[in-house]
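Spelled out, the chains give:
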Amino acid sequence: MKLSFRKIYKELRRLDKLQEKRHPMFEKNKFAKFLIYFMFFYYAALLIFMGVVLPAGLDGSMASFHVLDSGFFYILFADFWARFLLQQTPAQQIKPLAVLPLKRKTVLDVYLIRAGLTWGNLFMFFFLVPFAFMSIFPYYGWTGTLGWLFGWWLLLVADSYWYLFCRALIIKNMLWIILPIVVDVAIILATILPEKNILGDFFTDWLEQFIFWNPLAYLIPIVLIIILYFANRKLQAEIAYNEVAKTEEKEMKHASEFKALNRFGIMGEYLKLEIRMRTRNKNVRMGFLVGIGLIVMFSIAVSFSDVYDGAFMQNFICLYNYLILGIMTLQSIMAFEGNYIDGLMSRHESIYDLLRAKYLFNLAMLILPFILMIPTIVAGKISLLMNLGYMFMVAGLIFPGLFQMAVYNSETMPLNTKMTSKTNNWVQQIVSLAVLFVPILLTQLCEVFLGDVWGYVVLIILGSIGIATYPIWLRNIYRRFMERRHKNMEGFRASRATN
Amino acid sequence: MEIRLRNLKKCFGEKVAVNIDSYDIHSGDMLGLVGNNGAGKSTLFRLIMDLIKANEGEVIMVGEFQGQPVERNVAEQEDWKQWTGAFIDDSFLIDYLTPDEYFKFIAKISGVSDEQLEEHLAKYEHFMSGEVCGQKKLIRSLSAGNKQKVGIIAAMIQQPQVLILDEPFNFLDPSSQHAIKRILTTYHEETGATIVISSHNLTHTTDICPRIALLENGVIIRDIQNEDNSAEKELEEYFEIND
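First to last, the sequence lines map onto chains A and B.
In case it helps, numbering that gives the first Met the number 0 puts the first sequence at residues 0 to 498.
In case it helps, numbering that gives the first Met the number 0 puts the second sequence at residues 0 to 242.
If you're looking for bench data, these hints aren't it; they were derived computationally from the structure.
Incorrect hints may have been included.
As the list claims (entries may be wrong) - No farther apart than 25 Å at their CA atoms in a straight line, the calculated lysine-lysine pairs in the BS3-like style are these: (1) A:Lys102 to A:Lys195; (2) A:Lys281 to A:Lys171; (3) B:Lys103 to B:Lys122; (4) B:Lys14 to A:Lys258; (5) B:Lys135 to B:Lys103; (6) A:Lys486 to B:Lys8; (7) A:Lys258 to B:Lys103; (8) B:Lys52 to B:Lys122; (9) A:Lys6 to A:Lys16; (10) A:Lys281 to B:Lys136; (11) A:Lys380 to A:Lys486; (12) A:Lys9 to A:Lys233; (13) A:Lys281 to B:Lys103; (14) A:Lys258 to A:Lys171; (15) A:Lys233 to A:Lys380; (16) A:Lys171 to B:Lys135; (17) B:Lys136 to A:Lys171; (18) A:Lys233 to A:Lys104; (19) B:Lys103 to A:Lys486; (20) A:Lys171 to A:Lys6; (21) B:Lys135 to A:Lys258; (22) B:Lys122 to B:Lys135; (23) B:Lys122 to B:Lys136; (24) A:Lys9 to A:Lys102; (25) B:Lys107 to B:Lys135; (26) A:Lys195 to A:Lys233; (27) B:Lys180 to B:Lys232; (28) B:Lys103 to B:Lys52; (29) B:Lys14 to A:Lys281; (30) B:Lys122 to B:Lys107; (31) B:Lys136 to B:Lys107; (32) A:Lys258 to B:Lys136; (33) B:Lys107 to A:Lys486.
Just so you know, these numbers come straight off a predicted model, no measurement behind them.
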């Protein structure tokens, strides 16, 4: 019996709902559930608030919707980047369906159409609807308001397809991340660099035509949607095939032996494992390179720009320069190891050795921001003492805090197949909030009570104590990890099965 | 090394996966574990390896290690892992390493020298049939059969006194199945290790295991002494292979 497109559409929708409902981590994790709803309502309320307040703030020589329309792309940019956290690509979704007797293109069409029609595309309407009622409705009534919102919906659908296209390219090769960045920067520059904002004026005129239901105005997003739909269809099919058939990565061109690490014995082997994990797995590599990229960006920003010359900003950037890579990699410590946790757990004390290697690796990585900050130190913008203070604090005080996650993380993160979101447990949530605020609070307290010089000296001393005692606190973490091992392994196994 | 299972019980919800009052796997035994799907074979292996928590009871290893008498409850101590090797499934493999790198990693963390490792791998050259080592392929790019070979060889690198293999014949071609049978019997004869394997292949199991435990709904219902393949008929009757 041949299934109609409508039936396939309905059936796949039902399967996805079941998958969501029965996700083992989601089922278990009440806090995650609460947090998801809380975040949804929080951001929705924030957007509604902005939608109500902004029209009054923007009213000047131009009507507020004109101002918004001239910079409409900022909203689309925000919408685009937020999708990385939430939206899966069809290529990822069709993978488990590849062996079913359904045409791959049909399944792809289902997911692409759903990506266009999903309620998620309307999230920005929490902002746009109140904005339209405050700024358009009084002048153009229902017709104008609905026409403007309809135009925006088309723009958001086009943005969704643009995201899916970029995401698919990034799955192929992460360097494609440059594409949306270049496009965003180019549009921003084209509106701010010329003396007369021709592009901004065009945007204002174009989006204003939505109010009058001008078909030509809608034609632009509709054409974009069609082009991006078919571009996605081709690209996503290729990616899906590659993921299913595992056509990539058949043979390695070069496999370094890292012989220099042999002198460290067993620790050297675990260090090699850390390096290979970061270089040979797409998801780990991506996170690692983004972290390195941010460090380079922060360093350049502080060294060569006057924008961050304020004392607080310099402190802030300098501190997070040392912290960022640790936050990015240690928050989910052990989550990638969840893929082969049974093997590790079958070896005597291998987790302890692994944790030691991870700590040493992260210590070594702190040298990178230090080197990159040298020009700033030489230029006298920030002091050597401050740099050392932050570096030691991160190594000896913050890392021990982040390493606590090794005890509580119990969800496997896929090494290569793409994931979009993970349901963090409550400890992860608290730790991620804490590492964002505690370090800056700590440094500020030290500076306020002890002054610049002594504040940093104290941080260096405390950090040194943390570094020197690392075998002790790591042993404690290991002991607690072992106490929770069965619970964690159960979580790793369950989440591995759903990746 | 003797493995003592005492009052061992593991439940998943309402289902009792393993329920063994008392069972001893004697030192030097080569035990085949057979049973239908869902009988509890893999769960029992995971309990022995302390990879899951028993609801009740304990697994104790008793014997001698490096000249010293030892008695270890696997859930309470960890040093028994030094004399135990296992391969249960892919979650034992670090799949972003090449087989050579993986073997070297396992060897180093198990205190096996490069020379010993080379010697060890030389023994398995025929079993690997030129498709595992020196390939510059990551483990995740290998076929299921070759992954299986990597897992089995890695489990044996440290010359364990206790060797646990779940479905070692799975995914292997006939000549590799034959090879692994020979490898296991030779290893058993040479080292006197306690070996426990599970398999759905009754012929292979009865070929190499002098003792067979038949598992049903988590309970060992028969403990069969298999002399000259005498168990094969009994097992065939149980599994209703010959109508």
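Hints, one by one, checked against the model:
For the given pair, Lys102 of chain A sits about 52 Å from Lys195 of chain A by alpha-carbon distance, which is inconsistent with the 25 Å threshold. For the hint pairing Lys281 of chain A with Lys171 of chain A, the CA-to-CA distance comes to about 10 Å; that is within 25 Å, so the pair holds. Between Lys103 of chain B and Lys122 of chain B the CA atoms are separated by roughly 16 Å; this keeps the pair inside 25 Å, and the hint holds. For the proposed pair Lys14 of chain B and Lys258 of chain A, the alpha carbon gap of about 50 Å is over 25 Å, so the pair is violated.
Proposed proximity of Lys135 of chain B and Lys103 of chain B is supported: the alpha carbons are some 14 Å apart, at most 25 Å. Note on Lys486 of chain A and Lys8 of chain B: the hinted pairing holds, with a Cα-Cα distance of about 17 Å set against a maximum of 25 Å. For the suggested pair Lys258 of chain A and Lys103 of chain B, the alpha carbons sit about 12 Å apart, so the restraint of at most 25 Å is met. Of the pairs offered as hints, the one joining Lys52 of chain B and Lys122 of chain B is violated, with about 36 Å between alpha carbons and a cut-off of 25 Å exceeded.
The straight-line distance between the Cα atoms of Lys6 of chain A and Lys16 of chain A is roughly 15 Å, inside the 25 Å bound, and the hint therefore holds. A C-alpha spacing of about 16 Å is found between Lys281 of chain A and Lys136 of chain B, which places the hinted pair at or below 25 Å, so the restraint holds. Between the alpha carbons of Lys380 of chain A and Lys486 of chain A the distance comes to roughly 49 Å, so the proposed pair goes past 25 Å and is violated. Distance restraint check for Lys9 of chain A and Lys233 of chain A: the Cα-Cα separation of roughly 23 Å lies within the 25 Å cut-off, and the hinted pair is therefore satisfied.
Restraint check for Lys281 of chain A and Lys103 of chain B: the C-alpha separation of about 24 Å stays at or below 25 Å, so the hint holds. At most 25 Å may separate the alpha-carbon atoms for a hinted pair to count; Lys258 of chain A and Lys171 of chain A exceed this at roughly 31 Å. The suggested pairing of Lys233 of chain A with Lys380 of chain A is violated, with an alpha-carbon distance near 51 Å, which exceeds 25 Å. Between Lys171 of chain A and Lys135 of chain B the CA atoms are separated by roughly 22 Å; this keeps the pair inside 25 Å, and the hint holds.
About 20 Å separates the Cα atoms of Lys136 of chain B and Lys171 of chain A, which keeps this hinted pair within 25 Å; it holds. Proximity of Lys233 of chain A to Lys104 of chain A is assessed by CA-CA distance (about 9 Å); at most 25 Å being required, the pair is judged to hold. Proposed proximity of Lys103 of chain B and Lys486 of chain A is contradicted: the alpha carbons are some 30 Å apart, above 25 Å. Restraint check for Lys171 of chain A and Lys6 of chain A: not satisfied, since their Cα atoms lie roughly 31 Å apart, outside the 25 Å limit.
Between Lys135 of chain B and Lys258 of chain A the CA atoms are separated by roughly 17 Å; this keeps the pair inside 25 Å, and the hint holds. Restraint check: the Cα-Cα separation between Lys122 of chain B and Lys135 of chain B comes to about 21 Å, which is no more than 25 Å; the hinted pair holds. This hinted pair checks out: Lys122 of chain B and Lys136 of chain B have alpha carbons roughly 21 Å apart, not beyond 25 Å. Of the pairs offered as hints, the one joining Lys9 of chain A and Lys102 of chain A holds, with about 15 Å between alpha carbons and a cut-off of 25 Å not exceeded.
With a CA separation close to 20 Å, the supplied pair Lys107 of chain B and Lys135 of chain B stays within the 25 Å bound. Between the alpha carbons of Lys195 of chain A and Lys233 of chain A the distance comes to roughly 40 Å, so the proposed pair goes past 25 Å and is violated. The suggested pairing of Lys180 of chain B with Lys232 of chain B holds, with an alpha-carbon distance near 20 Å, which does not exceed 25 Å. Using a Cα cut-off of 25 Å, the hinted pair Lys103 of chain B and Lys52 of chain B is violated, with the two alpha carbons roughly 30 Å apart.
Straight-line distance between C-alpha atoms of Lys14 of chain B and Lys281 of chain A comes to about 39 Å, which puts the hinted pair past the 25 Å bound. A distance of roughly 19 Å separates the Cα atoms of Lys122 of chain B and Lys107 of chain B; the hinted pair therefore holds under the 25 Å criterion. For a cut-off of 25 Å, the pair hint linking Lys136 of chain B to Lys107 of chain B stands: about 21 Å separates their Cα positions. Using a Cα cut-off of 25 Å, the hinted pair Lys258 of chain A and Lys136 of chain B holds, with the two alpha carbons roughly 19 Å apart.
The straight-line distance between the Cα atoms of Lys107 of chain B and Lys486 of chain A is roughly 29 Å, outside the 25 Å bound, and the hint therefore fails.
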